[in-house]
Amino acid sequence: MSTRSPDSPPLPEAAFARSESVARPAKGGPLPLLVLAGLAVLGLAGTSLLIGVSHVSWDALLAPSEHQRAVQVLVISRVPRTLALVLAGMSLSVAGLIMQMLARNRFVEPFTAGTAESASLGLLAVTLLAPGLPILARTAVAAGFAMAGTALFLLILRRIPLRSALVVPVVGLVLGAIFDAATTFFAYRFSLLQSLMAWTTGDFSSVLRGRYELLWGAFVLTVVAYVVADRFTVAGMGEAFTTNLGLSHPRIVALGLAIVAMVTAVVVATVGMIPFIGLVVPNVVSLMVGDNARRSIPWVAVLGAGFVLLCDIVGRVVRQPYEIPVGTVAGVVGSLVFLHLLLRRNDRVG
Amino acid sequence: MSASALRLEGHERRLLLLGGLAAFCVGVFMTVDAGGRWDFVLPFRARKAATVLLVGYAIAVSTVLFQTVVENRVLTPAIMGFDTLYLLLQSGLLFFLGSRTMASLDTRLLFTVEVAVMVCFSAVLHRWLFEGGRRSVHLLLLTGVVLGVLFRSLSSFLQRLIAPGEFDFLQDRFFASFNNPDPDLLLVSAVMTAGASVLGLRLLHACDVLNLGRDVAINLGVDHRRTVSRLLAVVAVLVSVSTALVGPVTFFGLLVANLAHGLVRSHRHVHVLPAAVCLAVIGLLGGQLVLERVFSFGANLRVIIEFWGGLMFISLLMRGALR
Amino acid sequence: MIEARNVSRRYGDTLVVDDVTLKLPERGVTSIIGPNGAGKSTLLSMVSRLLPLSSGTVLVDGMDVARTPGDALARRLAILRQDNAVTSRLTVRDLVTFGRYPHSKGRPTVEDRAFVEGALHHLGLEPIAHRFLDELSGGQRQRAFVAMVLCQDTHYVLLDEPLNSLDMKHAVAMMKELRRAADTLGRCVVLVLHDLNYASCYSDHVIAMRGGRVAFQGTPDELMRPDVLRDIYGMDIGIHLVEGKRIAVHYR
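Protein chains in written order, with full-length UniProt numbering: chain A, 1 to 350; chain B, 1 to 323; chain C, 1 to 252.
These are calculated hints, taken from the structure and not from any lab test.
Partner residues aside, some chain B positions facing chain A, computed with beta carbon under 8 Å: (1) Leu141; (2) Leu150; (3) Glu306.
Non-contacting residues of chain A with respect to chain C, defined by C-beta distances greater than 10 Å in every case (computed): (4) Pro80; (5) Val126; (6) Leu152; (7) Arg159; (8) Pro161; (9) Phe190; (10) Glu213; (11) Gly217; (12) Val220; (13) Val314; (14) Leu341.
The structure presented is a predicted model; accordingly, all values stated were derived computationally and were not measured.
A virtual CB, placed ideally from N, CA and C, is assigned to each residue, including glycine.
Isolated chain A (complex conformation) (with noise of 0.2 Å):
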């Protein structure tokens, strides 16, 4: 329908000049400097393929003698672990952007709406109640809590009077401690304490060949969050901006809860939580391209990548032979850029 209608407006000449111009990529996300950072983020990876405690480097993979088991602890361990970083960062990242145009807030993300926990509710749910199913199963039974929680959080919002930009997140969070309350009782009374813990820390040391491949099922979620960018972008700015617009608000929401609510279940049920990342890279990328998620989202990927990439490398370098998990190294980091973005944003938010 974008059919020129006889009374469209009599267009100048130099506009016509310049909206030649206009199609190359605008201002703040210049196409070299994201394949820059994409090739950066490449570093990262290889970098942490070669780290850990079966000593793998590049001589070795050529050298006849060690090259068979080299190969093999490559392809067990290392490449899948590179894989499940990269796919875990990237989507937990965008869901946390489509969560901060959601709730039109800057501080919101899986950790701290109660998704992430409720993800976990559920998981513990399955494992309690039908401890038969499949994986995929349960991660669907998990992604099926995560969306009630969040939804539930939306909820209590609009039930906050005067609701402030900053009471949001403490909303989430402690809905989120509700949760895990919750959750903790009952792994308690059965013993599922060790269980619970893979879910809540975000570790990737267990990663291995044939128990990561549910990731790509948030990748897969990604691209179709970039696939309707812009309607993420039109919800941001408002319920009657998109009604204006001619699109249902309501079917925006269900749909980014519905991809945040998977995604978060898929990360949560294969390497646990890592908190603050759907908070710290969007934010970040904000500055840097604004808004626009059309084109903010190749930038939260790439970056949410790399920064899991490097909370992992951090992690497994401080402390050889141990290991400090992801999760931990992300909440310290996190939580420090969360505290910056806060006070710097003080006179403005208040």
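Fit chains B and C to the known structure of chain A by using the hints.
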């Protein structure tokens, strides 16, 4: 006799009732299921009960005073990251001093040092809170919550840096639980609590004035800066005590303080504080009793407190307590 | 043709818009005026399906707004509300480009880009097109929002207090631009205005509301009479003829 009882005002009657209930809880806790072995059971349970009393007192008093200082019923020391800071302090000392040095040091000395650091932190917090213009409650709240996450992550980071396993061993030494109270720690804690209470007692009437808000308090001649910084120091000591004895409990203080305010319906700290303490004791001892004896659930009390406390927090927000 | 039939809106017990039936002229600039709380914004929001009706129907070109698919309506009618608290960090050009969304569904063509540039040009936004919304003044932001709505290229353009936070120069330029859209493009522009004199100088038709009902309908000249205005606002307002236009003096 009955005439004088009738003359008691509503809040006094409720206070008496709470006190009675708390005493009843202590009594039951000491005697239930003793099986006649009084010489063994009594001293053991007395130590346990003393720990609970101390912790309940520390949490209740510190929360009520803190809420008076920040003029808000939603913020508590625990929500502002006080007790996770204590946790971080423990891990930090362990990391930098090394486990062997740490083990050779006197528990009492260590504890004193930690409390001193906590008081310093409260001074920093005080500066940040009240200098350079008043901050919004919302910012305070979110900053506190995130600080809590930061301290928690940092201390688990440090714990991982220390060789795994070593920490678990030392944890027993530094975190006495209700079931295994360390007599030394208990004694130092009691002394510290008593000291802080004496300081707090002298500020009690000023606290009532603080309730009217900073500007009114200054107008009425209260030295706001000095009063507040002293109160925060008291809070820091009490939080250290309670965290050292049982570890961080995020929402218990919130629960107790708001229930106390709701039950007593008096603005005077002389009424609110005892009520809060009684409620804390009832909650901790009564909760433990009910869980152990009725449901045989073991040590799940903290989790249940977090659950209900969290619900209360959200309901407070929904009723507009941050306005 | 926009037609409201027995439209009402209640919040709890209060009736904000009370059984309004009216037809908006097919072309030209129509202003809605009235005291605070008269139900002007509520009526506009209901006409543009941003707010559900408590009772009644609104027809846009014969389509019931409550039942017509949102995207079909978005190509016929554009609405800008009063409070536009967009927190997203979008550039002005990004924002205006979203005005083309109903047509291009997020894949702007060269033609769409031309519309965008035209709208930026007409509202004098070219120098700040690359800036982020949160770096702009209130008036600049307001112009960007109006540009987006105009870029939507709809026959009906509904604006709730478009002169909000504009200085005199930009307010006049905005009214001229809206006048131009009505005159050269044959649009139907509906405005909620507070300044009687802008309504008097720039509109073809005026609707006055009071207490949730339509109190007056007619041409600006019919409106700008002391007895009519006293009826609407409950105060005495002097009318002077300045340069052939009726100007209200209500400062004393």
